[in-house]
Structures are given as structure tokens and as C-alpha cells.
Amino acid sequence: MNLVQQLINGIVLGHAYALVAIGWTVLLGVARLVNFGHGQIYMLAAFVTWWAAMPLGLPYPVAILVAVGAGILIGLVMQAAMLRLTITQDLVSIMIVTLGFGHLMRGVAGLVFGGNPQVLETPLSYVDFEVAGAWVTAQDIAVIIACILFFLLLHFGLERGSLGRTARMVAEDPKLAQLAGINIKRVYFAVFAFEGAAVALAAALVAPRTPILTSIGFEEVIITFVVVVLGGIGSVAGSYVAGIGLGIFTALFGGFVSPAYATTAAFAVLMVVLVLRPGGLSLGAGKAVR
Amino acid sequence: MRQPVRMLLAALVTAAVFLLPGMTGGLHGAFAVIAIMAVAAYGLDIVVSDLGEVSLAHTVFFAAGAYATALLSTRLGVGSWTTLAAALAAGAAIALVLGLVTLRLREFVFSLVTYAATVVAAAVAHNWQFLGGSDGVTAIPTLDLSVGPVQLAAGNDAELWPYAFVLLLLTLYAVRQFRRSRLGAMAMMVHLNPRLATMSGIDVRRVRLGVFVLSSLFSAAAGWLYAYQRAYVGPDLFETYFLVLMLTAVVLVGRRRLLAPLIGTALIIGQERFLSFGGEVNAIILGGALVVALALLPGGLDGTLRRLLSRPAARAPASGGEPVPQP
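Chains as they are written, first to last, in this note's numbering: chain P, 64 to 353; chain C, 135 to 461.
The shape of chain P in the complex, shown without the other chains (with noise of 0.2 Å):
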């Protein structure tokens, strides 16, 4: 284990970091919404490309718009449930639905998919290309570019467009963005579809690279959170910046430290950015510190 070798593990796990929480921060970020269920969408949608994937035996970049179908539907189904509670802006209640439905939908993958563990195997992580001495597979490559792809497109589809500028008006005035002509049960919707759909991309580029089981998803949520809160909520460029650091940290730390404990290690560094700079959180959701 030389750090070349972990250092290139850290900026391809920080890649796939920054990819699996791209959903929460938009959804944070624009539409001040949570999903605790975003796990269980991860575990899903990986379920979904596995089965596209192998016992349908669809092409691999098939499976993938398959899993982010059904990430856009979980996200559409979950929105028309918790309606009432998003325009009445009710967070905590949406927290706990969101949970609820996690716990559904691990319910849903045991009764569907089985008990098993499922390993995806696509024909890009049987490339293998060597880097400064260390190996990394084309799948690896894959969720680098996707992931900065994914990047640059919402930096400027969002930032700068006009879509982004309608979500973030519903976000910050519900009422008056209703009394601008605005549907703000539309603009919800788009965004819990959008949730669900990164997610899954998310799930289907980065679940071949571990065992697929419906107990998880809890990780990638701790990563997220991290990633979100270390960003600076709801902001696109921060948490891009925060995944690749905590990918990188991630890495070495379970290389040289514990790989036990590297989910345990980037808490402790959320648990530090938290009792150093608590306001750092109100800058985007506003709410967080009184």
C-alpha cells in the first residue's frame, strides 16, 4: 500500500463521494428539502442496475438509464406523499417520512431482490489501466468523468441558468414564488425527481465497485452528510471540492490508519467542523442556527 496507490484511491473515491451526494445538495441547496431515505435510494437503484444488468442481461449503459428511471420514480412516489408537508416547509416531519421510507424500501429490496448479496460486474471494471505505479479500472475512470461532467453541467444549468433561479425562488418564498405564476407543486416534484435519478446514476456507477446488499446505503449517507455540511450546504462547487478531500482523507486513513473505522473518522471530522464553526451551517438553509 504506497500513497501514490492510496492517493489515486482517495481521488476516485472522493469522485464517487462527490457524485453520491450531488441529489442531497441540490435538494438542500435549491428546494430546502431532506431526504433521510437517500441511502436506501442508493441501495435500490444499485439492486436495479445489478438486475438490468445480469439476470436481464440489457447492456450496461441500459441498465443505468433503467436505475435512473426508477430513482426518478422512487423520488416522484415520495414527493406525492409528504405534498402537504413540502409547501408547508414542515422539515421535520419530512425528515421522519423520509426515514419511513427508508425503512420501506429495505423492506421492498428484501422482498424483491433477496437476502443475498449481488456483485455487479460490468465490462468496464475488467479494464485496467496503470497510473504512476498504481492500478485503476475503467469504471473508476467512469465515475471521475461522469462525476465531473455531472458537475459542470448543474454549475451552469443551475447556478447560472434560469431553472435553478426558479427553484431557489420556491425555496426561498413558496408563497410569493406561487403568486409569480410559478407551479411550486411542479418545481417540488422535479427536484425529488432530480434527488432520485442522481442518486441512482450514482448508485449504478459507483455499486460495482463493492457487494450489493440492502443493508447499505447508511455510509453513503454519512459520506453525504459530511460532503453537504463540510461543502457548505446547497452549495454545488463546496461540495465537490469537500467530497474529493474527504475521499482523499478517507482513503489514507483506511490505508495507513483502519479502513474499519474510515466512516467513523470522517464523522469525528464532521463532529470537529461542527463544534469549531457551528454557524458555518446557516449559510444556505438559513434555519440551522438560531
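Note that these hints are calculated values from the structure, not bench results.
Hints are supplied without guarantee of correctness; some may be wrong.
Examples of chain C residues toward chain P, derived with CB under 7 Å [to be verified]:
id: 1; residue: L218
id: 2; residue: S245
id: 3; residue: L246
id: 4; residue: A257
id: 5; residue: A417
id: 6; residue: V425
Built from N, CA and C at the ideal position, the CB exists for glycine as well.
Guided by the hints, dock chain C onto chain P, whose structure is given.
Chain C alone, transformed into the frame defined by chain P:
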């Protein structure tokens, strides 16, 4: 109803509930688990209903109580009174640390950090050999609270049920007294109008920390008895099952009603024990119940029932179903 009549009625109902598992043919195990999980849920209840924050770390306090009991009773062979003290101390210590860290956090950031604490505690429990790792701690001795010549031991579920019942009664009494106490009143004020609370000279942070640590004691005590009931403690205590169970129990029936978490727990565990459709479907039912209770039935079952009953009179929504105010 006059006071003595109410007292008599309450005593009768209590006695009936106590005798129920025996009359229904030895369902002591299920009843004991309902009582234990209800006690754990009451810890969460005073944070959610009175303080107005959603803690997702109460499974950690529950597990801390269970682990403290398991480790001390198997490795050092100490008695049940000592493990009770250790369980309470372990729960309170973790709550104090977590409470101090999250002192200035509100709403979803508070929940997010407490949730992260649960996930991390699970990772630690899985990996730390001192805590038994993934295998957990097995062969926990049975409950023995004997003092001097008084024999107070429970070798099986039927013998354990009275202790679970007493713990539940103590918890109900404590929660009722808490809601009438100065701390309880201050918690409600901090919940509903933090600015007014501050202006009235209430130290908001101290109240939050106090209620948080107090609430951990209930969940830790439940963990203590659960360790004896199950004779096994493992990292599965951190599963979302327990978290969702407690949350659903708290919100299903209605907020700030003394018996609501108990009825909620009884409904959930009753379904799992007597009307089970297998683990996966049960998870769907439990998760679905949580979603339905909050998204479709504001105010829980109690609030919905009241609204249905009072519909002809077109009254305002029942008081139990007030939405959590957004600052």
C-alpha cells in the same frame, strides 16, 4: 370524573393490563418486549414532543444501556442493580457528549448529526472486539434484583414481565411528573417560543441539554432490561428497525399524550408478533405506518379520530395534532 373515581379506574385498568398476558395464555414475552420498547420510546417522546427536536440517537442510548449490562454481567459477573446503574451512566454520558456537541444545532442539522452518531456507533460496535464485534455478547445471565433476603429474580419471560411492567409504570409516572415540572414547562417554552424563553431568563441551552440527558435515561433503562430479556446483545441494536420503531411509536397515535407511545409500541409489536407477514413485509408496514402517520394523518391516529368524531360540529383540528412550529 372526580379524582378518586379516576384513580380507582386507572388502578383497575393497570391491574387488568398486568394480568392480560397470563389470561391470554402465556404471551409474557411479547408483553415484556412491548413494555421495554415503550420505555425506550418514551425517552424519544420527551425530546420530540416536548423539546421539539427529532433525535435519531436514542437507539444509541438504548444500545449503550444494553451493552453496559451485557459486558458487566458476563465479564465481571456483577448483579442487576450494578448493571442498571452502569446502563444509566453509559446512556447519560453519551447523551451529555452528544448534547454538548449539538447544543447549538437545530432541526434537521441536529437530526442529521444524531443520525450520523447512530450509524457511527453501529460501525464501532461491529468492529470493536471489546464490544464483542459483529458477534455481540451472548450468554447474559438472567435478571436478579435480590436484595438481602428478598428474592427478586426472573428466570424466564413470565417472571420478567412484572419487572418490565414496573419499569413501564415508573416511566409513565416520571414522564407525567416531567410534564408538570419546571423543566418540562421550560422545555415547552423553549420549543414553542425560544425568544420568549430567553427573555424570561431561561437558559435555553441548559434546558435542551437537561432534557436530552434526562431522555437518554429512559432509553438506557429499557436497554438494560432488554439485555436480560434477550440474553444477547449485538450490533443489530443499531439497525434502523429500532429507530423507526421508536419514531413510529412516538408519532403514530399523537403527540404529547401520555399513553400515546405505549399504544403505538403495542400496535407495532402486536402486528409483528401476532399478525406477521415476514421480516420484509413487516418492514414495509412499519415504514409505511410512519409515512402515513405523518404525511396523511396529521396529529396521528388520535387526532384523526377526534377530527372524524367532531366533523359534524366543524371544530378546529384537535389539539393533539398541532404541527411542529417552524421558527
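Outcome of the hint check:
no., hint, result
1, L218, "violated (29 Å)"
2, S245, "holds (5 Å)"
3, L246, "holds (5 Å)"
4, A257, "holds (5 Å)"
5, A417, "holds (3 Å)"
6, V425, "holds (4 Å)"
Hint violations for this structure: number 1 only, all remaining hints satisfied.
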